[in-house]
Amino acid sequence: MPSPLRMILVRTVLGLGMLLPVSAVIFFAVSLLPGDYATEVLGQQATPESVARFRETLGLDTPVAQRYVAWLTHAVQGDLGKSYASHEGGARPVAGIIGERLLNTFFLAGVTASVAVPLAVGLGILIALYRDRWVDRLLNSATLAMISCPEFFLAYVLMLLLSVKLNLFYSLAMVDAGTPLSARLLRIALPVLTLTLVITAHMMRMTRTALISILSHPYIEMARCKGLSPSRIMLRHALPNAWAPIVNVIAFNLSYLVVGVVVVEVAFAYPGIGQTMVDAVRARDVPVIQACALIFAVTYIVFNLAADLIAIATNPRLMHAT
Amino acid sequence: MTQAIARPAHIRRPSGTSVVAWTALVVVLIYIVAAIFAPLLAPYGEAEIVSREPFLPWSREFLLGTDQLGRDILSRLIYGARNTLAIALATTLLAFAIGVALGTAAALARGWMDQVMSRAVDVLMAIPQLVFALVLLTIFGTSIPNLVLIMAVLDSTRAYRLARAVAMNVVVLDFVEAAELRGESRLWILAREILPNIMPTLVAEFGLRFCFVFLTIAALSFLGVGIQPPTADWGSMVRENATLITYGDPTPLLPAAAIALLTICINVLVDWYVSRAGRRNAGS
Amino acid sequence: MCPAPAAGTQGAKTIVAGHLLAMRDLTIEGGIGVAPFPIVRGIDLELRRGEVLGIIGESGAGKSTIGLAALGMVRPGCRLAGGTVAFDGIDLFRVDPSRGRRIRGTRIAYVAQSAAASFNPAHRLLKQTVEGARAHGLMSAAAAAAKAVSLYRLLRLSEPDRFGERFPHQVSGGQLQRAMIAMAMMTDPDLIVFDEPTTALDVTTQIEVLASIKELVSSRDLSAIYVTHDLALVAQVAQRIMVLRHGAVVETAQTRAMLRAPREAYTRSLWAVRQLDKPAASPAGPLMRLSGVHASYGQSSRGGTPSP
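Residue numbers (this note's numbering), protein chains in the order written: chain A, 34 to 355; chain B, 1386 to 1669; chain C, -15 to 292.
Don't take each hint at face value.
The following label-pair restraints were derived from C-beta to C-beta distances [what the hints assert, rightly or not]:
| hint | chain 1 | residue 1 | chain 2 | residue 2 | range |
| --- | --- | --- | --- | --- | --- |
| 1 | B | MET1584 | C | ARG240 | 48 to 58 Å |
| 2 | C | SER82 | A | TRP276 | 49 to 59 Å |
| 3 | B | PRO1614 | A | LEU272 | 28 to 38 Å |
| 4 | A | TRP276 | C | GLY66 | 37 to 47 Å |
| 5 | A | LEU218 | C | ASP75 | 54 to 64 Å |
| 6 | C | GLY66 | A | PRO273 | 35 to 45 Å |
| 7 | A | LEU272 | C | VAL79 | 40 to 50 Å |
SDA-like, lysine to any residue: derived pairs with alpha carbons at most 25 Å apart [what the hints assert, rightly or not]:
| hint | chain 1 | residue 1 | chain 2 | residue 2 |
| --- | --- | --- | --- | --- |
| 8 | A | LYS198 | B | THR1628 |
| 9 | A | LYS198 | B | PHE1440 |
| 10 | C | LYS131 | C | ARG86 |
| 11 | C | LYS111 | A | ALA344 |
If you want the footprint, here are the derived chain C segments under chain A, 3+ residues with CB under 8 Å [unchecked claim]:
| hint | region |
| --- | --- |
| 12 | 81 to 93 |
| 13 | 205 to 218 |
None of these hints come from the bench; they were simulated from the model.
Predicted model only: the values in this text are computed from it and were never measured.
Think of the CB as a built atom: it goes at the ideal place given N, C-alpha and C, for glycine as much as any other residue.
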């Protein structure tokens, strides 16, 4: 098997293999819950018999390892267990609770990425060209400030200015299954703007750093010595070597988006998986917490894996080794 | 564009005093002073209910108004400095202690112990910290010691990686070998040869980790699972008073701005320190 | 200013009578934006057609800076603080940028110190070799490829037809250096600046590359500036030598004259041979005795029986 292909395969297997121990850690961490989940759900007044019966139904009397395997096999098939924390009493399948919310979060993240990525890469390249001029210094300071701010600060500043004072957008991003696309886009305008500010700042800084490092390479000087025009140098010599670090930056920041989305969803009351997890934490709804944590971890790992694979695939030394 | 390609200079600002860095330092000192002398500076108590009505506007009596329970916001802001900073600092110190100890041990031990620990750290780092913290806080409860311990363990992974990498590199460096050949003791080598070289990296990393821990704890408090009331904490204060935003009152932005300002200043200081250390190393 | 070319000569490539390259009072500063300091001061230099000038000096003397200045370029963070550099009568630092790029791309060539760093790892060698000639519209793609292959052959690169298909990291340092020389020759330049082209190579390869350079220069009547810190090298290649120290010229003379009778003390110090007086061995017994020592890596001990 050719070497780079093998490298990609190995890295993929290792990356996906990480999912197993991670899911185990999440499951076993949750199983450390002091007291019992059964008493948790049924309350202190429950009789010992009903508790015992409940535990048997849930399989809580079987050994932890067995429970983990059962949980995992069900999860892979889409059955994430049942949540008992709903107000109507009775159980609701976790997958049902999460399903729609997950799509909402993907929608929010997708819209944010499609705005933020071109913006950040374009600005990053521009800034690397005009390095150390006042534009660069100004944007450097602005992005530094941006990445230092907690997301909820930016969220509320935008909410105050653009929604309350100027009445341009909706304060809260309430959407449901029936909201048409155009209305959705309008309602998530502020969350998208908040997230865009944060990850654009991160991506711009990293793109700039990567490009500056490339522009100081001797082969760029050689291109100048050959009398090539600046645009040709940028397009033919700098950018082909810049794609790998830039894509790496993008993938890394998309995995960061996974975490940032939690706070923003809560601030704007957007019904996504971040909001769901926080609600579940407050209600100590264990199956939902487990499922959400697993989903976040999987997304995080997949994005980091994608970043690694792209770095391998775009490295000419690795792809064309003799 | 010609010039830009022609002169991609990486010459930075003139060395010497930087106005921005000095301002940042002063601001950080103000925070520290507020944290230490909170009881003296705050006009009212941390959880003292000073008015029957909630959400009083800014007045001469209550400079920043009152919150949803009728407590003075300015006092809680000042006490918040003490609580938030102390908790974040304690967490970062603990995280560093754990991480550096284990990382150095792994580098020196090599073999299977290093492999096992490093794989465990890899798994821990594969779960986003905020998410993992949410899970663990649910399990173990949201008391302050729990918060500090959980965040410290989760964040120690970064310090572990850094310490391990540094330890592995440094031990095989030429000048360490030269010192050993001269007959110097290991401890002397550590203090005189190794430490001065890795100090900039460690200090910078500490500053950045503090910012990250600080922001994460604030986020957890904002989500309601961090520092619990009635302890004054900036993250919780934002959450408690968030409804004011919908009335056009910017008061909840104050604790949030306090968080942002401290993080910015520390980032500026770390930036300045790193560039100064870098220049000194380049010049020598 | 360039006089109009005489009838029958090749338009833009006519050389004015007199010097091909002339530097007058050249001063270049570095550390722009931090703390400016002069790298080279008051350099006067002339180069005639077909002449090879060697520039020799210690590290940091400013040799590379002068080499780049001959192309009308300065390194990032540096700038021209005074003086002129005239190539064929054209002031390279005050000429209009696109004209300057054209001159740099077609009439002057630069061979850098590290070929490994000077080739873009993302592109194949042939593409980079013909890039200059193609970008300035000197020849068609086919003609350029053919010329590149013939240059590879001339420079004794193995399998010249297929050499260009490789990426920079797939060939050795010596081969890359020759590829860089081939790249420089593509546009038939009037002047080539060699900036320590053999320093990064091992001794055997150095000799081979140097031989190629000598052959090229003599067969095509090229003008060249050869920058190096190695006296033995420069004496073989250059007809005239300029000695540089701390950014200023110490001495300039014909090679033979300078080797036989250097005028300045610094020049003399560069090729003085020092005698090392060793004290006679001490009559009292050995200072240290090794016996039966056996050392090996790791756990295994390979070969060798301990000496008795």
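Here is how each hint holds up against the structure:
1. MET1584/B / ARG240/C: 48 to 58 Å: 56 Å, holds
2. SER82/C / TRP276/A: 49 to 59 Å: 28 Å, violated
3. PRO1614/B / LEU272/A: 28 to 38 Å: Since the Cβ atoms of PRO1614/B and LEU272/A sit about 53 Å apart, the hinted range of 28 to 38 Å is violated.
4. TRP276/A / GLY66/C: 37 to 47 Å: 42 Å, holds
5. LEU218/A / ASP75/C: 54 to 64 Å: 59 Å, holds
6. GLY66/C / PRO273/A: 35 to 45 Å: 38 Å, holds
7. LEU272/A / VAL79/C: 40 to 50 Å: 28 Å, violated
8. LYS198/A / THR1628/B: Holds: LYS198/A and THR1628/B sit about 15 Å apart, inside 25 Å.
9. LYS198/A / PHE1440/B: Holds: LYS198/A and PHE1440/B sit about 19 Å apart, inside 25 Å.
10. LYS131/C / ARG86/C: Holds: LYS131/C and ARG86/C sit about 20 Å apart, inside 25 Å.
11. LYS111/C / ALA344/A: Satisfied, since the Cα-Cα distance of roughly 24 Å is no more than 25 Å.
12. 81 to 93: holds (count 9)
13. 205 to 218: violated (count 0)
Violated hints, listed in ascending order, are 2, 3, 7 and 13; each of the other numbered hints is respected by the structure.
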